[in-house]
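> One-letter residues, chain by chain:
Number of protein chains: 2
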Amino acid sequence: MVSFKKIKSFALISVFDKSNLVFLCNLFEKYKIGIISSGSTSKEIKSLGYNCFEISKLTKFNEVLDGRVKTLHPNIYISILHNRENHDHKKTFKNINFPKIDFVIVSLYPFSKYKKNKSYNAIEMIDIGGPTLLRAAAKNFESVTAISSPSDYTLLAHSIERNSGTTNLSFRKKMAAKTFKVISKYDQNIHNWFIENKEKKYIKLKYGENPHQKAKLKIKNDFNLSNYKIQGKEISYNNILDIDSGLDFLNEFTEPTTVIIKHNNACGIASSSTIKKSFVRALNSDKKSAFGGVVLLNKKLESGLAKILIKNFFEVIVSPGYTNEAIKILSLRKNLILINSNKIPKKQKKIIKSVRMGNLIQENDNLSLSKKHLKIVSKNKKLTHREYEDVLFGFKVVKHIKSNAIVLVKNKQTIGIGAGQMNRYDATKLSISKYKENFSLKNLVCASDAFFPFVDSIKLLQKNNCRCIVVPNGSINDNKVINFVDKNQLKLIFSSLRVFKH
Amino acid sequence: MVSFKKIKSFALISVFDKSNLVFLCNLFEKYKIGIISSGSTSKEIKSLGYNCFEISKLTKFNEVLDGRVKTLHPNIYISILHNRENHDHKKTFKNINFPKIDFVIVSLYPFSKYKKNKSYNAIEMIDIGGPTLLRAAAKNFESVTAISSPSDYTLLAHSIERNSGTTNLSFRKKMAAKTFKVISKYDQNIHNWFIENKEKKYIKLKYGENPHQKAKLKIKNDFNLSNYKIQGKEISYNNILDIDSGLDFLNEFTEPTTVIIKHNNACGIASSSTIKKSFVRALNSDKKSAFGGVVLLNKKLESGLAKILIKNFFEVIVSPGYTNEAIKILSLRKNLILINSNKIPKKQKKIIKSVRMGNLIQENDNLSLSKKHLKIVSKNKKLTHREYEDVLFGFKVVKHIKSNAIVLVKNKQTIGIGAGQMNRYDATKLSISKYKENFSLKNLVCASDAFFPFVDSIKLLQKNNCRCIVVPNGSINDNKVINFVDKNQLKLIFSSLRVFKH
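Line by line, the protein sequences are chains H and L.
Residues in the first sequence are numbered consecutively from 41, following the working numbering.
Residues in the second sequence are numbered consecutively from 41, following the working numbering.
Just so you know, these hints were derived from the structure itself, not from any lab.
Careful: at least some of the hints might be erroneous.
Straight-line C-alpha distance at most 27 Å; calculated DSSO-like pairs for lysine-lysine [to be verified]: (1) H/Lys218 - L/Lys134; (2) H/Lys389 - L/Lys254; (3) L/Lys339 - H/Lys241; (4) H/Lys58 - H/Lys218; (5) L/Lys390 - H/Lys246; (6) L/Lys499 - H/Lys411; (7) H/Lys393 - L/Lys100; (8) L/Lys244 - H/Lys390; (9) L/Lys273 - H/Lys390; (10) H/Lys386 - H/Lys339; (11) L/Lys134 - H/Lys225; (12) L/Lys244 - H/Lys387; (13) H/Lys339 - H/Lys415; (14) L/Lys100 - H/Lys100; (15) L/Lys213 - L/Lys134; (16) H/Lys383 - L/Lys214; (17) L/Lys520 - H/Lys258.
Non-contacting residues of chain L with respect to chain H, defined by C-beta distances greater than 10 Å in every case (computed) [what the hints assert, rightly or not]: (18) Asn66; (19) Asn91; (20) Lys140; (21) Phe293; (22) Ile367; (23) Lys411; (24) Ser473.
Partial list, derived from the structure: chain H residues whose beta carbon lies under 7 Å from chain L [said to hold, decoys possible]: (25) His122; (26) Lys221; (27) Glu403; (28) Lys442; (29) Ser480.
In this text, a Cβ means the ideal position worked out from N, Cα and C, and glycines have one as well.
Kindly generate the complete structure, drawing on both the sequences and the hints.
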């Protein structure tokens with residue numbers, strides 16, 4: 041074998057995955073690039089009929105600790121890391137009399153394959169030397185090529201062939217970027233393994249929105265919903281969606297309040313002096329829709345209310361607390377899911393929703409509605425206390441109903457919810473038709489989640505006993521709306537917040 | 041200074057962040073743990089009045105390449121990595137005559153702080169030695185403690201104090217887990233820096249669903265929607281949601297098809313012999329709702345259609361192609377956004393939605409509806425070709441309308457969409473009321489996204505000229521529904537797929 045001094049450029053190869061080594065060795069032989077290797081890689085290279093220099097002979101340091109320490113030698117790192125343009129670096133490198141490593145080819149110990157083995161043997165698969173070699177090469181990408189996967193050998197060959205024995209900067213940069221990605225994932229896997237031994241990060245769900253869709257819940261901050269289930273059947277994907285929506289509504293209120301959710305929309309919501317009263321009124325908002333729904337309360341559930349609840353069919357009840365007697369009563373319905381909401385995170389800061397173009401990330405609409413967002417714009421500015429309370433209640437509710445949304449309110453009870461419509465007039469018509477089904481009242485309050493583009497909806501509201509309307513401003517017809525309102529002695533409040541929800 | 045041989049246990053300290061070094065040195069001094077260090081860390085320790093051993097003196101190897109190679113020496117790694125329970129390992133360690141390192145305290149070069157400096161100087165902040173020391177210590181957590189942040193010094197002190205000079209296994213394991221997390225993030229940052237120099241991964245959006253919510257789009261696979269915008273104002277968060285929903289509808293059809301989206305629901309959709317005809321019919325489905333909508337076509341947009349489109353107000357048009365003449369015509373509406381859908385990813389495999397308990401992840405509903413999912417269960421089994429086509433069309437549409445959803449169809453045109461309702465009867469009523477507003481036809485086809493719990497909806501459909509119904513089975517009242525259908529000579533098709541969408 042020739043002395044390494046006659047060879048200008050070297051590749052250090054240390055691969056767990058030995059596929060396509062022939063391709064690689066052929067390439068280096070063709071371009072007179074020397075090969076440095078050790079252990080099982082060097083055995084394999086030699087058995088394939090190629091020459092290679094043993095690392096241990098070059099460093100005069102033998103592999104120890106069953107392979108735990110092989111390549112962690114300063115001369116190797118001086119060779120990889122020295123700046124080829126820096127006079128002092130070049131001098132240091134020359135002094136150590138060592139081959140110049142311009143290529144580092146490493147495939148890491150396959151930690152992921154072994155991690156399922158819960159014994160500590162998986163630890164032997166935590167590669168220390170490999171990531172260090174790759175990271176050093178990637179750091180010095182201005183001169184050195186880091187190859188972290190056999191799948192890149194073809195690209196490497198293309199670059200070497202086009203550049204007569206060396207690679208081009210953009211290729212080295214691309215491979216360096218990939219290297220840090222590979223190692224980041226590798227270490228993330230190791231981290232997960234450490235954590236998994238402690239606690240699961242995913243909860244498997246029976247299925248998704250429909251039985252033919254698989255689904256799971258990736259838990260944040262080790263929060264496991266099942267820990268807060270008191271009784272009942274398995275919590276479904278749609279249950280979780282509904283519980284989440286329901287808690288959004290409840291966040292708006294401190295008074296005893298009940299919300300009943302169906303298909304991610306509220307079908308009834310009411311605030312009252314007691315939680316029992318609020319439940320009865322939320323149920324009466326739209327009893328037909330409430331069937332099979334998810335009921336969320338913001339106060340402790342006691343036996344009196346439990347006795348009423350048990351007479352109806354619901355899928356889930358969520359409350360910040362239950363008396364023992366209440367649990368006993370509700371346990372007669374074995375499938376009914378009871379959740380303690382006390383430990384469920386109050387709010388999301390960010391909302392993530394995947395679309396085919398990527399992930400949409402937005403701040404959650406956590407702004408609390410207050411007086412400063414509202415302005416009476418009608419001539420008639422005399423809101424009764426009750427009207428003002430209903431304006432606040434209605435707007436807090438409509439904020440969480442799917443757009444376009446119109447909500448009719450009386451005494452902090454929804455009496456007509458027009459949800460999910462493609463135009464505002466339809467949403468208005470729908471809320472009125474729902475109202476007429478169940479109620480016949482005077483002086484209704486209406487809340488809209490965005491401006492009225494025309495006067496048609498207001499006309500309809502006026503005809504149906506609505507005297508007070510809260511709505512975001514912003515239409516080019518805002519003035520027409522104000523004129524109509526004033527002509528009919530209605531009360532109109534503009535909100536500076538628009539509250540779409542899709 | 042005493043010889044290292046008299047000290048049983050050592051801490052190797054190499055910290056960029058030098059906060060709380062006094063606390064740390066005090067702790068080690070108290071428990072007679074020796075300190076090994078180098079460079080600026082050792083200077084600082086000495087200036088604080090503590091003793092420490094210089095790494096270079098112990099390894100007899102000087103720091104070189106302006107600090108690029110300091111600690112990458114096999115003796116250090118033999119000391120950290122040797123298995124304290126393994127006879128051969130212990131022998132190897134004894135032979136090198138080196139201090140036993142039981143604690144590795146490293147704070148990494150702050151790459152993130154420097155990465156914004158787009159020059160290559162940031163590269164000097166890619167730490168090679170630090171991560172290697174930490175990873176080695178974390179790998180050997182059965183004996184060695186890895187501390188990757190000054191914020192953990194207090195915990196370290198607690199553990200050492202409770203265990204009279206050593207740490208307990210569970211603490212070491214916790215710190216090892218953290219170490220891999222820290223390094224994974226560190227390398228992810230470096231990777232992002234490499235990529236950022238090439239392309240942005242986030243697109244900032246003007247705002248989210250509402251003006252008071254900040255938002256951005258995290259791009260998948262370097263796909264940038266703006267690259268496919270031909271003209272028009274800035275694409276909004278809600279535009280992206282609507283485009284994504286619209287493409288879900290179009291994926292179902294190969295015939296020329298137009299869908300018009302408002303608030304994430306279709307307000308009109310039609311398949312016809314030409315794309316122009318399909319647009320006109322989709323618009324006529326519900327002209328009122330279509331105002332200001334997002335129009336999606338599955339065929340090239342030509343001048344004839346452009347002349348019709350320009351007469352209406354839309355926010356966005358999406359098409360797989362445009363003739364130059366069509367673009368010229370549409371350019372008269374400067375704000376109108378034109379998108380080429382050709383390069384937009386066809387489908388999402390997984391859907392992610394964040395809730396306060398974590399992230400819900402489900403398979404997308406990408407199953408293609410076919411004959412095998414449908415079964416005629418009425419006595420009357422003679423569906424005309426047209427009816428059968430409308431059954432398929434209607435069910436494909438209702439799959440993507442928000443639940444509860446009922447869709448009325450005639451000749452592959454939606455003629456009444458009842459979307460987003462909290463009970464099925466309301467959805468049915470809504471679809472019929474929408475139908476009556478715009479049409480008066482015979483032999484309608486109805487599609488429902490889940491079973492009818494009662495017969496009431498079917499009665500209403502029958503009264504309003506609907507003769508053929510496609511609906512998922514699964515109600516305890518399925519037989520009652522079949523009986524009613526048979527008594528009234530209606531046609532009923534059961535789908536084995538339920539198609540909720542929330």
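> Take the shortest C-beta to C-beta distance between H/Lys442 and chain L; is it under 7 Å?
Nearest chain L Cβ about 5 Å off; hint holds.
> Just double-check L/Ile367 for me: nearest Cβ-Cβ distance to chain H has to come out over 10 Å.
At about 22 Å from chain H, L/Ile367 clears the 10 Å cut-off, so the statement holds.
> Measure nothing beyond the straight line between the CA atoms of L/Lys520 and H/Lys258; if it is 27 Å or shorter, mark the hint as holding.
violated (41 Å)
> If you take the shortest Cβ to Cβ gap from H/Glu403 to chain L, is it below 7 Å?
holds (5 Å)
> Against the 27 Å threshold, does the CA-CA distance of L/Lys273 and H/Lys390 hold or violate the hint?
holds (26 Å)
> Sort out whether H/Lys246 lies within 27 Å of L/Lys390, counting only the CA atoms.
The given pair, whose Cα atoms are some 16 Å apart, holds under the 27 Å limit.
> Against chain L, run the beta carbon of H/Lys221 and see if the smallest gap drops under 7 Å.
Result: holds, 4 Å to nearest chain L Cβ.
> L/Lys499 and H/Lys411 were given as a pair; does the straight-line alpha-carbon distance stay at or below 27 Å?
At roughly 48 Å apart (the allowed maximum being 27 Å), H/Lys411 and L/Lys499 break the hint.
> Any Cβ of chain H at or closer than 10 Å to L/Ser473, or is the non-interface label fine?
Incorrect as stated: the minimum Cβ-Cβ distance to chain H is 8 Å, not above 10 Å.
> Within 27 Å, alpha carbon to alpha carbon, are L/Lys213 and L/Lys134?
holds (26 Å)
> Tell me if the straight-line CA distance from H/Lys383 to L/Lys214 falls inside 27 Å.
holds (24 Å)
> For L/Asn66, is the shortest CB-to-CB distance to chain H above 10 Å, so the non-interface label stands?
holds (30 Å)
When the structure is compared with the earlier hints, violations turn up for hints 1, 3, 6, 7, 11, 13, 17, 24 and 29 and for no others.
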